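**Student:** Sequence:
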Amino acid sequence: MRRAVNKVRDFLLESEEQLDKEAFAYLKENGLSAGLLPCSCAHYNDRIKLGFFPDGLEEFSKVSSDMSMEEVCAVARAVLDRIQNLEKSGVISLENVVWDMDSIYLDPQRRVFLIALPAVLPPDQQNSRIYQRRVYALMEEIFSRTEGGESVNRQISYQKEKNFGSWDSLKEAIERRMPEEDEMLCLKSVNTPEELVFRVDHEAFLIGSDPVEANGLIEGSESVSPVHAKIGWNEINFYVCDLGSDLGTYVNDQKITPNTEVPIGSGTVLRFGDCTFTVE
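1170 is the number that my numbering gives the last residue of the sequence shown; the numbers go up by one with no jumps.
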């Protein structure tokens, strides 16, 4: 086992007014139980120096290469647990968490600890959701360093498009490791002249009214162009792409720009001209 970290992590605040005293007290009294490193502060040239002491802990970035996929997944889920707890408590803003692998620490039992700064946020950042994008980037970084992590990152990318900000969905995806809808989609018609069911795998699938060109043939509706749209797979998720149709393609009632890949999955409602399909 590698040596535990003894180096203090320092951060500077420009003035004492930037110190969130309630958050500082929370870290001092409850930080460890919440999976956050306790914090000290001192005056430093008219500024405030925050100190975090990861004594007896290991840097995740230094030991992750020696961990199994199961162990890495457990750390990732624990990070998401910390996020959910902070969102519920509201004591410390998620924007103040340091979102990088070097700021994830593990104790000998592999419990996870993060760094959160007790800092007052500017008004324009108090309701920001920038941290959510940073969380996804952190998850992708974690698994990009893990052998066999490509399939997990595909699921993370898929969940980011489908259920952005749903940490429960992301935890389930990491546990599952493979996309639920990675193999096939089923499109079922809602209002076509005849009931239609299209089963789409990873091969490009053309929707239209041309019996020669279309894989998914829609007959009896003048609103559908001969080659109206394409359903495809881009190694991350399924998508729909309008191919310059006359009356357009819609995803969940939003008209999409022609020749643009728009992610789709179970629960998506597609409309080609006037013909509506649900995706299962």
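Note that these hints are calculated values from the structure, not bench results.
No experiment lies behind these values; they were computed from the predicted model shown.
Please note that the accuracy of each hint is not assured.
Ranges between beta-carbon positions, derived for each pair [as the list claims (entries may be wrong)]:
1) I1020 with N1053: 14 to 20 Å
2) K978 with E1093: 40 to 46 Å
3) R1035 with E1093: 31 to 37 Å
4) N1124 with E907: 22 to 28 Å
5) N1053 with K952: 27 to 33 Å
6) E1170 with P928: 48 to 54 Å
7) E1030 with E960: 15 to 21 Å
8) V1102 with T1147: 46 to 52 Å
9) E919 with R1035: 21 to 27 Å
10) D1143 with D971: 44 to 50 Å
11) P1148 with Q1022: 28 to 34 Å
12) P1013 with H1092: 46 to 52 Å
13) E1037 with M1074: 25 to 31 Å
Keeping only pairs whose Cα atoms sit at most 35 Å apart, straight-line, the calculated DSBU-like set for lysine-lysine is [unchecked claim]:
14) K1078 with K911
15) K897 with K918
16) K978 with K918
17) K1052 with K952
18) K952 with K918
19) K1145 with K1078
20) K939 with K911
21) K1145 with K1120
22) K1052 with K978
23) K1061 with K978
24) K939 with K1052
25) K952 with K978
26) K1052 with K1078
27) K1061 with K1078
28) K952 with K939
29) K978 with K939
30) K952 with K1078
Cβ coordinates follow ideal geometry from the N, Cα and C atoms, glycine included.
**Student:** Next step is simple, just say for each hint if it's right about the structure.
**Tutor:** Now the hints, each set against the structure:
1. Take I1020 and N1053: their Cβ atoms lie about 18 Å apart, and the range 14 to 20 Å holds.
2. Between K978 and E1093, the C-beta spacing of about 44 Å keeps the proposed range 40 to 46 Å intact.
3. The given range of 31 to 37 Å is respected by R1035 and E1093, whose C-beta atoms sit roughly 32 Å from each other.
4. Here the CB-CB span from N1124 to E907 is close to 48 Å, at odds with the stated 22 to 28 Å.
5. Roughly 32 Å separates the CB atoms of N1053 and K952, a value that falls within the hinted 27 to 33 Å.
6. Here the CB-CB span from E1170 to P928 is close to 49 Å, well matched to the stated 48 to 54 Å.
7. At about 19 Å, the beta-carbon gap between E1030 and E960 stays in the expected band of 15 to 21 Å.
8. One distance hint, 46 to 52 Å for the beta-carbon pair V1102 and T1147, is violated here, with the actual separation near 27 Å.
9. Between E919 and R1035 the CB atoms are about 34 Å apart, so this pair departs from the stated range of 21 to 27 Å.
10. Evaluation of the 44 to 50 Å hint for D1143 and D971 yields a failure: the beta carbon distance comes to about 35 Å.
11. Taken as a hint, the range 28 to 34 Å holds for the pair P1148 and Q1022, whose Cβ atoms sit roughly 30 Å apart.
12. P1013 and H1092 have their C-beta atoms about 48 Å apart, which keeps the hinted 46 to 52 Å range intact.
13. Checked against the hint of 25 to 31 Å, the C-beta distance between E1037 and M1074 comes to roughly 28 Å, which is consistent with it.
14. For the hint pairing K1078 with K911, the CA-to-CA distance comes to about 56 Å; that exceeds 35 Å, so the pair is violated.
15. Under the criterion of a C-alpha separation no larger than 35 Å, the hint pairing K897 with K918 is consistent with the structure, at around 18 Å.
16. A hinted pair counts as satisfied when its Cα atoms are at most 35 Å apart, and K978 with K918 qualifies at roughly 19 Å.
17. The hinted pair formed by K1052 and K952 meets the criterion: a straight-line CA distance of about 32 Å does not exceed 35 Å.
18. For a cut-off of 35 Å, the pair hint linking K952 to K918 stands: about 26 Å separates their Cα positions.
19. In summary, the hint linking K1145 to K1078 is supported, as the alpha carbons are separated by about 19 Å, within the 35 Å threshold.
20. Proximity of K939 to K911 is assessed by CA-CA distance (about 14 Å); at most 35 Å being required, the pair is judged to hold.
21. With a CA separation close to 15 Å, the supplied pair K1145 and K1120 stays within the 35 Å bound.
22. With a C-alpha separation of about 23 Å, the suggested pair K1052 and K978 falls inside the 35 Å cut-off, and the hint holds.
23. Among the hinted pairs, K1061 with K978 is consistent with the structure: their alpha-carbon atoms are about 17 Å apart, no more than 35 Å.
24. Of the pairs offered as hints, the one joining K939 and K1052 is violated, with about 41 Å between alpha carbons and a cut-off of 35 Å exceeded.
25. Proximity of K952 to K978 is assessed by CA-CA distance (about 30 Å); at most 35 Å being required, the pair is judged to hold.
26. Between K1052 and K1078 the CA atoms are separated by roughly 20 Å; this keeps the pair inside 35 Å, and the hint holds.
27. Restraint check: the Cα-Cα separation between K1061 and K1078 comes to about 30 Å, which is no more than 35 Å; the hinted pair holds.
28. This hinted pair checks out: K952 and K939 have alpha carbons roughly 26 Å apart, not beyond 35 Å.
29. Only pairs whose Cα atoms come within 35 Å are accepted, and K978 paired with K939 is accepted, the gap being roughly 28 Å.
30. Proposed proximity of K952 and K1078 is contradicted: the alpha carbons are some 49 Å apart, above 35 Å.
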